[in-house]
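Residue numbers (the numbering used here), protein chains in the order written: chain A, 1 to 497; chain B, 1 to 378; chain C, 1 to 248.
Keep in mind that the hints are not guaranteed to be accurate.
What the hints assert, rightly or not - Some, not all, of what chain A presents toward chain B, calculated at C-beta under 10 angstroms:
id	residue
1	380
2	414
3	416
4	425
5	432
6	435
7	436
8	438
9	440
Said to hold, decoys possible - With a cut-off of at most 20 angstroms between alpha-carbon atoms, the simulated DMTMM-like pairs for lysine to aspartate or glutamate come out as follows:
id	chain 1	residue 1	chain 2	residue 2
10	A	183	A	54
11	C	153	A	444
12	B	300	A	425
13	A	441	B	322
14	A	362	B	47
15	C	141	A	471
16	B	300	A	436
17	A	441	B	294
18	A	399	B	336
19	A	157	A	244
I should point out that these hints are in silico values taken from the structure, not numbers from a laboratory.
The structure displayed is predicted, hence computed values, not measured ones.
Heads up, the beta-carbon is just placed ideally off N, CA and C, and yes, glycines get one too.
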Amino acid sequence: MSEQSNELADLVGAEHAATGREYTAGFVTEIETDTLPPGLDENVVRAISGKKEEPAWMTEWRLDAFGRWQRMRTPRWAHVQFPDIDFQAISYFSAPKGDAPKSLDEVDPELLRTYEKLGIPLHERARLAGVETAAEDAPQVAVDAVFDSVSVATTFKERLAEAGVVFCSMSEAIREHPELVRKYLGSVVPKPDNFYAALNSAVFSDGSFVYVPKNTRCPMELSTYFRINAENTGQFERTLIIADEGAYVSYLEGCTAPMRDDNQLHAAVVELVALADAEIKYSTVQNWYPGDEQGNGGIYNFVTKRGACLGERSKISWTQVETGSAITWKYPSVVLRGADSVGEFYSVALTRNFQQADTGTKMTHIGPRTKSTIVSKGISAGRSQNSYRGRVRMNPGAKGARNYTQCDSLLIGDACGAHTFPYIESKLPSAVVEHEATTSKVSDEQLFLCQQRGIEPERAVAMIVNGFCRDVFRTLPMEFAVEAAKLLEVSLEGAVG
Amino acid sequence: MAGLTLNAGSLAEALLARGPASYAPWLDRGPHLELIEQRALPELRSEAWRHTNISRWYQTVLNGNESVAQSRRIEFAGAVEVVDFEESRAAELLELRGDELYQLSAHPIAALNAMLLGAGVAIRVPARGGRLHPVRVVDLPASYQRILMIVESGAEAELIEEPSPFTHRLVELVVQSGARLLHRRLQAASPHRDCSLVAVRVEANANYELAQLSLGGDLRRNDIVATLSGESAHVTLRGAWRLDGTRHLDNQVAVHHDAPGGTSRQTYRGVAGGRSRAVLNGRIEIAPGAQRSDASLSTKNLLASDTAEVYAKPELEIYANDVKCSHGATVGAIDEDAVNYFRTRGIDGQTARSLFVRGFLREAIDDVETARRLGVIQ
Amino acid sequence: MSLLRVEDLHVEVDAKPILAGIDLEVRAGEVHAVMGPNGSGKSTLANVLAGRPGYDVTRGCVTVDGEDVTGLEPEERSLRGLFLAFQYPIEIPGVSNMEFLKAAVDAHALGRGEDPPSAVEFVKRARAAASRLALNPDFLKRGVNDGFSGGEKKRNEILQMLILEPRLAVLDETDSGLDIDALGVVADGINAFRDVGNAVILVTHYQRLLNYVVPDHVHVLANGRIVRSGDASLALELEERGYGWLDA
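Given only the sequences and the hints, what does the whole structure look like? Please build it.
Following this line, the structure appears as structure tokens:
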């Protein structure tokens with residue numbers, strides 16, 4: 001990029017005018033659905049498996065997970081508060097009626113309109129929406145759209161297939177690529193890993209599957225867009241991404257839900273596998289409905305995300321921008337097994353009103369000379385509680401391993417909380433762990449400087465907060481970075497004063 | 001009872017069967033007894049005891065320590081008032097303390113201390129002392145010990161806890177408005193299991209400074225709870241440790257900023273060698289309304305062997321917005337470049353390493369007086 | 001009509017009186033220097049003109065182009081053409097100079113009822129101003145004042161002034177901490193800015209800057225009042241005799 005266009009890129013975030021003042025994704029799509037009645041027992045697990053026409057091994061796998069889940073208890077160690085969830089009051093499957101569409105042309109037009117409205121056009125001319133500038137040369141993005149419990153469309157499948165890349169729904173992968181699924185499903189997040197992971201293993205309905213073959217650079221960004229639509233329904237998607245030796249893939253994930261007064265549960269599991277010299281970049285912009293100003297409704301986002309750097313020199317990088325959900329409980333982690341492998345976690349979490357977030361990462365260093373970097377930026381406003389929780393563990397084999405962690409919190413208003421809970425565990429002298437954390441507020445001096453230059457306080461705070469998050473935003477693909485900055489600005493409206 | 005594995009439940013049974021200690025009968029043991037009756041003692045693997053085998057410690061709780069001193073030895077001068085907990089005057093001094101120190105009755109160490117107390121001393125440094133009042137506690141003649149010290153408004157005092165084998169000590173300190181307390185502790189290497197809890201309340205414009213050097217025990221647990229209860233209070237906590245063999249040191253520190261304008265500074269430096277285990281959990285909590293609080297914590301750790309372990313957990317819990325808080329933690333090895341530099345100047349490797357370690361520890365115990373008293377430098 | 005009129009201005013900070021009745025009139029095309037010893041209230045005057053929170057006006061008023069701005073928010077004053085170059089410019093990490101300036105320029109354009117300049121046009125303007133102040137183009141991409149040297153911070157203030165083209169620029173000790181070369185560059189920037197349509201107030205302790213930017217009027221502040229006014233020669237007299245003789 002030329003010098004000038006570089007500067008222009010810097011300005012893109014500053015250019016746009018904030019469009020919506022509210023949660024704009026909060027509408028409901030009127031569509032006929034095939035929904036299981038609320039409740040959970042073995043029969044429900046079998047019914048889900050049956051609806052997806054799964055092979056017997058998959059049904060058994062689910063039942064095993066269900067049995068384990070029944071013996072587990074809800075984790076309560078996170079710095080969040082919520083009433084007990086009645087797991088029998090939730091419906092575990094909801095899908096638009098009718099046979100699964102074979103191609104984009106067969107997708108219900110109402111669904112296409114839904115995604116169009118969310119800025120996620122499901123036709124193959126399109127890119128991810130959000131950027132009006134520099135449209136011509138913008139890279140193409142393949143999208144898997146998951147609506148409630150099923151994948152409704154996956155774009156660019158043919159073009160990806162030419163490169164040997166498999167990008168499809170998890171249901172399809174179980175049918176078409178059973179050997180890969182059997183080998184890797186549950187290999188990074190075992191069924192009994194935690195309460196919600198066990199639940200997901202039993203009832204997961206759909207999600208995305210990616211396989212990038214040896215020495216292949218995935219020709220475009222892949223993305224999944226998750227939409228919860230139906231009432232009283234939980235979403236339990238399962239994503240598995242495998243990057244074979246020398247492969248590279250960048251994957252984006254977005255999510256929204258309608259505004260409802262009840263809390264809805266989202267308990268996903270994401271597993272990433274990177275073999276030798278492979279690299280996976282996983283970016284999330286999480287904008288689930290956060291609840292209203294009084295703290296009613298919103299999504300409980302209880303998610304297990306973990307990557308395994310199995311091969312030497314492999315790399316897994318998580319970037320997350322979390323602005324939604326009533327409660328977030330999420331620790332995208334990396335197990336660094338291969339020698340010289342690299343794990344990264346970049347996070348922006350913004351909470352306001354009555355939102356609660358307990359999020360961070362776990363970096364487990366097993367192989368020699370493994371390296372991890374953690375950059376976490378938490379912003380609390382309103383009456384929200386925002387916690388970073390992270391664990392860095394240096395196991396005895398991780399000779400010469402290194403970790404660097406920087407976690408900063410910004411407080412807006414005097415009724416919110418910002419918390420930092422890092423766990424540092426080292427068992428060998430040659431590993432180096434460095435952790436730094438700060439907490440501060442937007443200073444009066446910074447605000448005055450902006451105001452003196454004619455910038456009104458609300459805009460100034462948005463700009464300062466964006467600057468605070470810059471180290472994270474710059475790890476996002478361009479379209480997502482702009483989206484994220486915009487989302488942050490919209491979320492901050494009304495938070496200042 | 002050696003060798004028996006005790007859990008919270010069986011310990012509570014044993015304690016209730018035995019009943020509270022007869023020492024200092026005036027002491028209100030009600031809330032502590034309640035904690036034990038409700039079976040609220042921590043279990044194995046509970047969060048605050050993750051790195052210390054609590055069942056091993058519970059064994060010691062019942063057995064006591066076989067090598068305690070036979071008599072009390074306390075040195076002090078001037079207007080300082082020192083009374084034994086057996087005397088009724090001690091009850092008056094406890095009244096003087098005011099409110100219970102930060103949620104102490106819910107603390108398991110305080111509860112066990114109250115149940116088994118065998119020796120205690122209450123100390124009062126009167127207001128308008130005009131100069132520094134040193135108090136040196138050398139020996140207390142029981143396994144379960146308690147020190148209460150009240151530094152009255154405007155007074156200046158120094159509390160020195162000398163090397164003394166004890167299994168269990170509760171130290172309650174109140175630094176009244178405008179007063180200053182310097183607190184120095186040396187915990188020598190010990191083959192025993194021991195445990196101490198320092199709870200301090202620092203009132204408006206008062207100053208509390210702790211310097212602590214610990215060489216680890218078979219199982220050593222140090223809890224510190226410091227509360228900045230008045231405006232513009234100041235707390236400085238400095239700790240250094242050096243562990244080898246199979247020593248175990250578990251430090252749990254909490255600093256509560258409950259009033260506006262307080263500052264706290266925490267500095268810890270630790271070296272773990274052999275098969276030792278060092279733990280530091282350092283929490284800073286800023287209460288709602290405690291605006292303009294300024295808090296920081298720094299902990300640096302050296303691992304000196306392949307079999308030692310370090311666990312660091314610095315935490316921030318913040319409920320006010322106009323604050324400045326930070327913490328930093330590092331774990332690594334002795335800087336071999338520095339050692340090699342020493343060697344090019346003719347200093348052998350072992351001496352170089354030892355010089356390096358001393359320098360490192362002195363970052364925490366930095367003033368000459370404390371360092372001398374604590375034996376870091378001769 | 002005068003561009004700036006300050007009438008009987010009394011200001012308190014934390015209930016402590018700092019300014020005790022300032023009268024000052026500045027017309028378009030003029031450069032005024034406000035001098036005085038430390039603690040005389042110079043910086044308070046500069047800050048109160050810009051509407052900094054924490055400075056309470058207890059009496060008197062400030063008008064710009066005949067409009068009373070005493071009760072206006074800082075950004076409203078900015079849009080009316082009041083510019084303050086800060087004595088200690090604050091850092092805003094992560095926000096690039098370019099982004100910051102564009103936000104300011106856009107706010108000013110919208111304030112005038114105009115469309116904000118295009119990004120391309122703006123980048124051109126910013127680069128031209130940067131090169132006039134001998135600032136590396138990279139400078140625009142760095143965080144606002146983040147890791148800047150003292151001199152860079154001061155030049156950055158002048159850069160913002162050149163781009164925002166205010167009616168009245170109040171420069172609070174912009175000369176302090178500058179070496180002789182940087183002082184020359186800053187002075188060139190101020191001289192390039194001077195115009196029949198605008199005005200400058202230089203708040204300074206020393207005469208040194210006034211060798212480069214010659215003021216039309218010099219005022220001496222002591223104990224919150226203007227104790228003496230004159231032309232450029234007054235500054236030279238102060239340089240020679242110090243502030244002490246004023247008390248006599």
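- Query: Do the alpha carbons of residue 399/A and residue 336/B lie within 20 angstroms of each other, as the hint requires?
  - Reply: 15 angstroms, holds
- Taking 20 angstroms as the top limit, are the C-alpha atoms of residue 141/C and residue 471/A close enough? 14 angstroms, holds
- Query: Do the alpha carbons of residue 183/A and residue 54/A lie within 20 angstroms of each other, as the hint requires?
  - Reply: 16 angstroms, holds
- Between residue 362/A and residue 47/B, is the straight-line Cα distance small enough, at 20 angstroms or below? 17 angstroms, holds
- Would you check whether residue 436/A satisfies its interface hint, that is, whether its CB is within less than 10 angstroms of any CB in chain B? 5 angstroms, holds
- Message: Does the closest beta carbon of chain B sit nearer than 10 angstroms to the beta carbon of residue 416/A?
- Response: 7 angstroms, holds
- Query: Can residue 425/A be said to touch chain B, with a Cβ gap under 10 angstroms?
  - Reply: 5 angstroms, holds
- Straight-line Cα separation of residue 441/A and residue 322/B no greater than 20 angstroms? Holds, at roughly 6 angstroms.
- Message: With the threshold set at 20 angstroms, check whether the alpha-carbon distance from residue 157/A to residue 244/A stays at or below it.
- Response: Status holds; Cα separation ~19 angstroms.
- Satisfaction of hint between residue 444/A and residue 153/C, Cα-Cα up to 20 angstroms: Within the cut-off at roughly 19 angstroms; holds.
- With 10 angstroms as the cut and Cβ atoms as the points, is residue 438/A at the interface with chain B? 4 angstroms, holds
- Supplied contact hint for residue 435/A, tested at 10 angstroms Cβ to chain B: Result: holds, 4 angstroms to nearest chain B Cβ.
No hint from the list above goes unmet by this structure.
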